[in-house]
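Quick mapping for you: the protein sequence lines, in order, are chains A, B, C, D and E.
The working numbering applies: residue 2 is where the first sequence begins, and numbers increase by one.
The working numbering applies: residue 138 is where the second sequence begins, and numbers increase by one.
The working numbering applies: residue 15 is where the third sequence begins, and numbers increase by one.
The working numbering applies: residue 15 is where the fourth sequence begins, and numbers increase by one.
The working numbering applies: residue 908 is where the fifth sequence begins, and numbers increase by one.
Treat the hints with caution; some may be incorrect.
Unchecked claim - Calculated lysine to any residue pairs in the SDA-like style (CA-CA distance at most 25 Å, straight line): (1) D/K148 with E/K1152; (2) E/K1111 with A/A265; (3) C/K148 with A/W49; (4) B/K233 with E/T1004; (5) D/K147 with E/K1137; (6) C/K148 with D/V36; (7) D/K92 with E/H1125; (8) A/K209 with E/K1152.
Quick caveat, the hints were computed from the structure, so don't treat them as lab data.
So the chains spell out like this:
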Amino acid sequence: MSLVVIALIVWALGWSLNRWLANGPYAANRWTGLCVAAVFGATVLIMWELIVRGLGVPAVILPPPSAIAAAFASSTSILWADFVQTILKGGLSGYVIGCGAGFAVAILVDRYDFLRRGLLPVGNFMSALPIVGTAPILVMWYGFGWQSKAAVVVLMVFFPMLVNTVAGLRDTSAMQRDLMRTYGAGYWPTLIKLRLPAAMPFIFNGLKISTTLALIGAIVAEFFGSPTVGLGFRISTSVGQLALDMVWAAIVVSALAGSAFYGAVAAIERGVTFWHPSQRGQ
Amino acid sequence: DAHADEVRLQLQWVTQAQFAGYYVALDQGFYEEEGLDVTILPGGPDIAPPQVLAGGGADVMLNWMPSALAARENGLPVVNIAQPFKTSGLMLTCWKDTGITGPQDFVGRTIGVWFFGNEYPFLSWMSQEGISTDGGEDGVTVLKQGFNVDPLLQRQADCISTMTYNEYNQVLSSGVSPDELVTFKYEDMGVATLEDGMYVLEENLADPEFEDKMVRFVRASMAGWKWAEENPTEAAMIVLDYDETGAQTEEHQIAMMEEVAKLTAGSNGALDEADFQRTVDTLLAGGSDPVITAQPEGAWTSAITDAALN
Amino acid sequence: MTDAVISAQHLDLTFQTGDGPVHALRDVNLTIDKGDFVSFIGPSGCGKTTFLRCIAGLETPTGGDLTVNGMTPDEARKARAYGYVFQAAGLYPWRTIGGNIRLPLEIMGFSKADQAERVKRVLELVDLAGFEKKYPWQLSGGMQQRASIARALAFDADILLMDEPFGALDEIVRDHLNEELLKLWARTEKTIGFVTHSIPEAVYLSTKIVVMSPRPGRITDVIDSPLPRERPLDIRDTPEFIAIAHRVREGLRAGHQED
Amino acid sequence: MTDAVISAQHLDLTFQTGDGPVHALRDVNLTIDKGDFVSFIGPSGCGKTTFLRCIAGLETPTGGDLTVNGMTPDEARKARAYGYVFQAAGLYPWRTIGGNIRLPLEIMGFSKADQAERVKRVLELVDLAGFEKKYPWQLSGGMQQRASIARALAFDADILLMDEPFGALDEIVRDHLNEELLKLWARTEKTIGFVTHSIPEAVYLSTKIVVMSPRPGRITDVIDSPLPRERPLDIRDTPEFIAIAHRVREGLRAGHQED
Amino acid sequence: MKGTLGPVLTVILAILAIWYVACVPMNVREVLSAAERDGAVVTPTDPVERRDAGAVGLVLNNTAHLGASWSLDRAKLPAPHQIAVELWNTTVVEEMTGRRGIVNSGSLSNRGLVYHAGITLWATVLGFVIGTGLGILLAVGIVHSRTMEMSVMPWAIVSQTIPIVALAPMIIVVLYSVGLQGMLPKAVISAYLSFFPVVVGMVKGLRSPDQSQLDLMHTYNASKSAVLVKLRLPASVPYLFASLKIGIAASLVGAIVGELPVQQGGLGARMLAGSYYGQTSQIWAALIAAAALAALLVWSIGALERRTLRRMGVV
Ligand SMILES: Nc1ncnc2c1ncn2[C@@H]1O[C@H](COP(=O)(O)OP(=O)(O)OP(=O)(O)O)[C@@H](O)[C@H]1O
Ligand SMILES: Nc1ncnc2c1ncn2[C@@H]1O[C@H](COP(=O)(O)OP(=O)(O)OP(=O)(O)O)[C@@H](O)[C@H]1O
Ligand SMILES: Cc1ncc(C[n+]2csc(CCO)c2C)c(N)n1
Ligand SMILES: [Mg+2]
Ligand SMILES: [Mg+2]
């Protein structure tokens, strides 16, 4: 019980430190944001550790962070193989194919208004198909390997990408389009010189949403059949073996990979859409 | 009545005739007669009964012994209090046209296996046969099999795990004739492990009140099983009544009940020490990567069944 | 009418909208000669923009005749007969100032060398040499507007159409740009169509002031300016200037009172 | 200085920004008497808005003294000493015109009956009676701006601060609103601080014109207008008017040339 | 809305046509195996060879034996009409004639989709309400406290990379252990999924008033709560609804995911049962029911949005 009290004290300390950081003299510093988030994260971890120990929560229900860290450290090679299988093979290839297809179809849909009016509502309906239903079907179609995971990811990211790109391609002001018309510019110059650049913020929005979807899709699809490697396989098998520390280690891998993936796309976005007001602010 | 003792039973799979005994006991009032108010919690994919037990979500769970013993080694002291299933229903089912005739032919093949704590019998078997399961050229490629027999039908695997009472029937009912298949029952291969035992937490057993409750529970459950063996059709219908998903079919459940009856037939609920030892030996024989590393102590008790059955 | 660069006869335009038709232009007759600087002034919604867009071939009249350089406006547009400057600078933010000015040149297929040369020349013309590599948002509003004029000048069309190009700028900057625009006009001898809300601006710049009134949009007065072509800024305090301004204001007020 | 409603002495304000400090106001000295109509004019970025915001207690000066009704600006703000009108009407689109005018009254805790009475009165004052139930988007820009003035008048502060209230409107509507504003000022005898970009507007409205220049923002000229309080619109064509306008323009130009 | 009906119908017809055609190669191996069992001679005769042969090649070599492509029981890809029949049977027919149908038993049949859609719907709505409520509260906190924003916001983003869907079974077991059963565990997963879009949208919405709108409040010396009630909340309504539409769809996914491990009814359980018994048309029917439910929910939010915005006068 005393551990729980300590946990509450840690919380109070962490929070007041953050208050000071966020509102004090260093508030404007670039690194303060990172610090505050790190302090918050550390506080939560310490509290977790203390409360789990203090209340004697069984390790098969919720292991303490120290045990998770230990499991992570001692199984790096297994987790690396899982990472390669799920994220690189399943997730990334699906992401590339799905986003690419979404983009290409968006261009088509944008070109032919008939398609836009016909495809978008139907696509909207189909995007509501939950993956937990489609994943078993795709595993049946594409086998147990990473291909079926990629297929699930393709299905998940296709529509967000399509919708965002279509919205982006239409996000030019009448004046910007008229300017092109005063030059007597046809479809392709207008697309390449105006609409695509203008669509970039939307396209990247789609790409960013798709990162987390890709990750989740690839992992969840492994629940419906997989080879004996992969983050989803690891999570589900380790739950069955009551190796909860390993489950959480796999979750950490997925969170790290997801954050890195998201961060990478966001970094590219900053490079490509440097001109957009939302990027200029920072 | 209001004074009935509550017992929550965690199944290890969805409501089906595999668990007919318990539903019959519930439906026919056997539990009530013992003064028990029993709640049956259906399981499902990725629900780990030991975890539910550990979290206090259930009082008794059904589990395969390899999984239970592994949980014990992982620091969750579960104890077998009764073993209604005498015989193992687990087998590998292969296409005959792949040319597989025995375990020696598995090398280079793709085999579907249930994981989630159910992989231990297969891994033990393979290591006894000296076949690697790491997917190399000289070993078998293992797939984490989903919940159905599609991998076999789609020929994504050469062999898959099936239960005599369930998945095998599903293969047949999809139009495949038994002649097209080769089956390897773990029972016949000498690597059978005990399935569907009742387990409780060791610490709970220390409480005489709990122990008494379990005695009554096991007694009523076994009565349910015997009733089910004698009236398979009615038992199947009872199971159907309790199936909330409405997914089960009459025909399939009756067939399942008939097969399950064969597995429970040899048991009055008491665990046969020889069966236990055979299971443990199989698991210990796991070669480089045994499922359990030491002879388990106190992993089962006859106290409950002794009290229940006299 | 030998010199008529733009000629409108009985021009009519009705927009079909959800709330029924909007009669934006009615029976508009106007001739603009080569080298003219014509301002269009009128209250909001009187059809100034619409008329300019008709000339540019961006809007199709529903009645009457309109020729630009003797062609239909659409042909003229495809022949790249004019440069168009919008109210807001409307520079593409992902392109540098240089890149923005290069945009029409790329589309029209000028050679790389020619492009560079023209960009340099028009940047000097609008006094923005040295800003080629900057992005639009790094420049003040006035500089952006100059860049957009440069963009319209880069491919050397004979006609320059400007729709309230200085509407968003403050008076001082506006004065300055007006002066510059006059110089540029003198140097290049282009024909300019210029939409504005500001009476002093219209009077200061134009050789011809077209006063319009709304609902439906039509021309109520066309004033040929007696002011000399050479105009220092303080010409605005002269009686001639004030007299013209007065006439314009009266014309506007008359149009306004009707509704 | 008995009547000074607003008094600034050696006012200084420096913003700390990412790109280093911006000196927005330097050594600003000004006294505004009760009943004055004071216009602030100057090029973009000269600190007009900043000065008005200082008076309103929305910005804190980094040096010098500033009193409003003898209090600090912040005290004056809390005492609800002034009404503030922003450049855009800034009506809340989810409230009707009446609801928008009621907003300050709700916040300041006026009784329901009092609220209704005041809304009615100010709507009449700005000539919008009958529009209470309309939503802002159902009104023209000029009407919206009048509503926003009504909102600032509703709680009857003695001071009215207006930051380019008519900047977004066209000249004719603007003329009209200027006339109305003068009448309102005459009727209510409020003290008005008014920011504008337009020389004619400043000259037409004010009893005192404050000319400012940028980098750092300071006052370069304060002109006490000799024009009578009663001003028809065509006073703008009189020589006195033109003379003042000229002086203002020169003041502005001087400030501009420096940089 | 105007002018979409024609194109939508066209697209649907095109999809159906492609679907029917696709059934042939997708199902060709099962079709040929069945034909072979019935005594037909198919090429190649060896099923292992067939496994490795291309589907199109098989179709072309066995054109005479493809009749069963659209009527297989365990089709890899069931034909649209098979799904339609399944939908019809598990809704209308089951309720009208089934032993447990509403006609014979007075309550909805657990073999019918309506019953399961209902179960899923309630968990969805409950989770959605919880998630939305918490999301709005957190957004209000974030907007008012810099500390909260800087501490919580980055982790809220990281939390979205955790495959919560994969953890659903564990979460449910953990909730079991604190005594939560039935609808609530599903609702918790729903809430988790719908929470994030609401936070993001509401933070944006609560911050959407521009400086002059805030300054106006400041000139009235308005309290924080007055600013929240009279300015920030009304201004955030359009953002809220945009997030709610995403949130309710996410909520539905959460409920379905929560139903997988606990086979106690709901569309999720239905899908899994379909998969478990190889009843592909049952999966498809449940999938379509889920998508229709999602469409209905999003539409309802949209209708609510239109009504609210109209009441607020914002067109
Ligand atoms: N694309 C359009 N569809 C329907 N109505 C239009 C369209 N464009 C303009 N209008 C209407 O036509 C009339 C004239 O518009 P126009 O933009 O030409 O006015 P303007 O004189 O340029 O006004 P402003 O000074 O405000 O720019 C207005 O009533 C306007 O609402
Ligand atoms: N909050 C702020 N932070 C930093 N700099 C500011 C801030 N507000 C204004 N400034 C700077 O202070 C100077 C004066 O700005 P201010 O808005 O008062 O000018 P203004 O005269 O109102 O201009 P405009 O006519 O364009 O409205 C400008 O250089 C502006 O960029
Ligand atoms: C995820 C998961 N996969 C397999 C099993 C193994 N299993 C134990 S009993 C049973 C039913 C057989 O008809 C099955 C499949 C499980 N429990 N959970
Ligand atoms: Mg216009
Ligand atoms: Mg300003």
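Each hint, compared with the structure:
Simply put, D/K148 and E/K1152 have alpha-carbon atoms about 30 Å apart, too far for the 25 Å limit, and the pair is violated. For a cut-off of 25 Å, the pair hint linking E/K1111 to A/A265 stands: about 23 Å separates their Cα positions. In summary, the hint linking C/K148 to A/W49 is not supported, as the alpha carbons are separated by about 51 Å, beyond the 25 Å threshold. At most 25 Å may separate the alpha-carbon atoms for a hinted pair to count; B/K233 and E/T1004 exceed this at roughly 43 Å.
With a C-alpha separation of about 18 Å, the suggested pairing of D/K147 with E/K1137 holds against the 25 Å cut-off. For the hint pairing C/K148 with D/V36, the CA-to-CA distance comes to about 22 Å; that is within 25 Å, so the pair holds. Distance hint between D/K92 and E/H1125 is fulfilled; the C-alpha atoms sit about 9 Å from each other, no more than 25 Å. For the suggested pair A/K209 and E/K1152, the alpha carbons sit about 19 Å apart, so the restraint of at most 25 Å is met.
In the structure shown, a violation is registered for the earlier hints numbered 1, 3 and 4, in ascending order.
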